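Novice: Under full-length UniProt numbering, read the sequence shown as residues 1 to 253, first letter to last.
Simulated from the structure, these hints should not be mistaken for lab results.
Keep in mind that a hint or two might mislead.
The calculated DSSO-like cross-link candidates involving lysine-lysine, where the alpha carbons are at most 27 Å apart (straight line), are [to be verified]: (1) 16 with 54; (2) 2 with 54; (3) 168 with 16; (4) 202 with 117; (5) 16 with 2.
Per label pair, the in silico range of CB-to-CB distance [said to hold, decoys possible]: (6) 12 with 75: 34 to 44 Å; (7) 14 with 179: 33 to 43 Å; (8) 211 with 177: 11 to 21 Å.
Values in this document were obtained by computation on a predicted structure and should not be read as measured data.
The beta-carbon is built from N, C-alpha and C at its ideal position, and this holds for glycine as well.
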Amino acid sequence: MKSEDGSRTYRIRIAKPDQAPPPAGYPTLYVLDANAVFGTAAETANVQGRRSDKTGVPPTLVVGIGYPSEEPFPPDRHYDFTLDDDPAALPLHPQGGQWPPQGGARSFLQFLENRLKPDIARSYAVDTSRQTLFGHSLGGLFALYALFAAPGAFRTYVAGSPSIHWNKRAIETEEAAFAAGGGTGEDIRALIAVGSLEENHKSRMVDRARELAHRLAALNRPGLHVEYRSFEDDNHVSLLPGLISRAIRFASG
Numbered sequence: 001m002k003s004e005d006g007s008r009t010y011r012i013r014i015a016k017p018d019q020a021p022p023p024a025g026y027p028t029l030y031v032l033d034a035n036a037v038f039g040t041a042a043e044t045a046n047v048q049g050r051r052s053d054k055t056g057v058p059p060t061l062v063v064g065i066g067y068p069s070e071e072p073f074p075p076d077r078h079y080d081f082t083l084d085d086d087p088a089a090l091p092l093h094p095q096g097g098q099w100p101p102q103g104g105a106r107s108f109l110q111f112l113e114n115r116l117k118p119d120i121a122r123s124y125a126v127d128t129s130r131q132t133l134f135g136h137s138l139g140g141l142f143a144l145y146a147l148f149a150a151p152g153a154f155r156t157y158v159a160g161s162p163s164i165h166w167n168k169r170a171i172e173t174e175e176a177a178f179a180a181g182g183g184t185g186e187d188i189r190a191l192i193a194v195g196s197l198e199e200n201h202k203s204r205m206v207d208r209a210r211e212l213a214h215r216l217a218a219l220n221r222p223g224l225h226v227e228y229r230s231f232e233d234d235n236h237v238s239l240l241p242g243l244i245s246r247a248i249r250f251a252s253g
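Take these sequences, add in the hints, and give me the full structure.
Specialist: Right under this line is the structure:
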């Protein structure tokens, strides 16, 4: 699929359950960084959805959003998942180089809302009231931005090891606007998760994620449910399979 202005190209992967959709349609899991994790998400949803009576997970449509590349984490993700294109606001490159282009999160959210989700709804029987957005690392940062900027776009937002430090100033501005809003009373679920082995990362990734989860929970906003989870003995990458499994069950709550 192309972005609205035609400048961006995405590879969309879809895993449709073998089972017939529930009366309201399939719950839908939208997975960022599909080049890396789509297979894991599709298999996890398939296995759990086959025994809903045991797992509590209904048959779920999985939509992976990736890029026409064989890399698990193509550099294009930098532009789509970040808010700030000011080089002075970004972390220093570890090799002293330059980061890929940044700052396209607002356009990417519009792509999801205006092109991808309507196309999926036209093509499959989906329950538009039970949609989940899953992102990890920079994708986790984007999931937080989507929660703050468009809290009604999805029912469930999953931010794994979110790179809050990357766009700290910009994401704090979005959080402040979200906190100041009164909310709609709609059921919104947010899962913020980290690997315990990330505790000593120089970005303070774990501290920032935990502090954010506590701030959101303290809002006591009707309909907003926030959960923080640390995956024991997992690092920034190894937590992904367990987090995907947890995300699918969390979305079914």
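Novice: If a hint holds in the structure, say so; if it does not, say that too.
Specialist: Structure-based check of each hint:
1. 16 with 54: Between residue 16 and residue 54 the Cα gap is close to 20 Å, so the pair holds against 27 Å.
2. 2 with 54: Not satisfied, since the Cα-Cα distance of roughly 40 Å exceeds 27 Å.
3. 168 with 16: Measuring from Cα to Cα gives roughly 37 Å; hence the hint is violated.
4. 202 with 117: Roughly 37 Å separates the two Cα atoms, so the pair is violated.
5. 16 with 2: Answer holds: residue 16 to residue 2 is near 22 Å, not above 27 Å.
6. 12 with 75: 34 to 44 Å: violated, 19 Å
7. 14 with 179: 33 to 43 Å: holds, 35 Å
8. 211 with 177: 11 to 21 Å: The hinted range 11 to 21 Å holds for residue 211 and residue 177, with Cβ atoms some 18 Å apart.
Going down the numbered hints, you'll see the structure goes against 2, 3, 4 and 6, while the others check out.
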